[in-house]
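Heads up: the sequence lines are chains L and D, in that order. Numbered according to the working numbering, the first sequence spans residues 774 to 910. Numbered according to the working numbering, the second sequence spans residues 191 to 415.
Do not take every clue at face value.
What the hints assert, rightly or not - With a straight-line cut-off of 25 Å between C-alpha atoms, the simulated DSS-like cross-links for lysine-lysine are: (1) Lys783/L <-> Lys328/D; (2) Lys328/D <-> Lys782/L; (3) Lys779/L <-> Lys261/D; (4) Lys814/L <-> Lys783/L.
Unchecked claim - Covered stretches of chain D (chain L as the covering partner; in silico rule of three or more C-beta atoms under 8 Å from a C-beta of chain L): (5) 350-361; (6) 373-385.
Claimed, not checked - If you only want the chain L side, here are some residues facing chain D, beta carbon under 8 Å, derived: (7) Val784; (8) Phe805; (9) Arg806; (10) Glu807.
Derived from the structure by calculation, the hints contain no laboratory data. Here a beta-carbon is modelled for each residue, glycine too, at the ideal position from N, C-alpha and C.
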Amino acid sequence: MENTSKSSKKVILGVAALVVVIAALAILYNVFREKPVEGSKSITIEVVNKEEESTNYQLKTDAEYLRQAMEEAEGLTFSGTESEYGMMVDTVNGETADYSVDSSYWAFYVNGDYCNNGIDTQPVVDGDAFSIVYTAE
Amino acid sequence: MRYIEMNAGCKVHMVLRNVACFCMSGHADIEIFTGFRKAWIYMERSRKTGEMAVQDIALIGVMVAVIEVSKAALAFLPNIELTSFWMILFTIFFGWRILLVVPAFILIEGTIYGFGLWWVMYLYAWPLLALLAWLFRKQESVWFWSILSAAFGLMFGFLCAIPYVVIGAADGGGLIGGLTAGFSWWVAGIPWDITHGVGNFVLMLTLYRPVCGAMRRLRFFPRQF
């Protein structure tokens, strides 16, 4: 009987110790985890539509690649088809460029130079100025 | 050499004969238990002479397979795993054979998922659990094993942070830089460690008795040796 009581006490102590460890870990996590901070890179994205009207988006972001930065830009919408090279953008702010119809497409520029990467692989560097321009050949 | 081959041959023959008995007989339980018992006796005799029996090799293979299959089956649940459960149970029931099960398991994991930094963590984390299970092998309390298994899950991230301490220190940060790197890495994964610990606790609490009961029903298995 005494042994059972001792054993129960040990079990309770063990489970209590586990609960204490879990609580301590939770506190540790809440105190020391990396908190989200405002994006550390300042970039601009300019969209030039078919009528050559320009819309500018300024944002602070931690995005590594352009696609994520575009997703974070408030008011900027885009869509396209996914391919093995990432998204091929065909619609920006509701305006679609269809190469098969009128040889038009959305051209991407970074700091004035034509982007050599798709939006999924175009790196974002602090101070970058991106342009997305409706282009018809 | 010849003796070993003959000996191994006899044992294989015996196992096959018993399997055949099992297949042909309507008394499956009795036959398979008898077969296993005899195989086990041979295995234990071989162990006493320092020789590894064919059955040992088969048993080790089955243990590794059970761990791998269980791990794959629960892969869709992050940090819920049966590897800890089986490591503990196999150490308790099959003793020294775990010394071969653990390296085989680690090697297979590396072969499947690649030999990355996480693999280095496996090199000491799982052997540590097997060592703990062996040290406390006389314990029979389901609560004890549930708490031990939970503690291992809770501390898994802490154990795995060690390589990051070494890398951080080697990268020019010195000991402080290494400790900071390891600490940050550990803290970031704490929610998953808690999931791991709670999962281990519940699984051990739920499965320990039925699995131990099943092992004991095959009476040839001693509790420990």
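Results of checking the hints against the structure:
no.: 1; hint: Lys783/L <-> Lys328/D; verdict: 16 Å, holds
no.: 2; hint: Lys328/D <-> Lys782/L; verdict: 19 Å, holds
no.: 3; hint: Lys779/L <-> Lys261/D; verdict: 36 Å, violated
no.: 4; hint: Lys814/L <-> Lys783/L; verdict: 55 Å, violated
no.: 5; hint: 350-361; verdict: violated (count 0)
no.: 6; hint: 373-385; verdict: holds (count 8)
no.: 7; hint: Val784; verdict: 4 Å, holds
no.: 8; hint: Phe805; verdict: 5 Å, holds
no.: 9; hint: Arg806; verdict: 6 Å, holds
no.: 10; hint: Glu807; verdict: 7 Å, holds
Hint violations for this structure: numbers 3, 4 and 5, all remaining hints satisfied.
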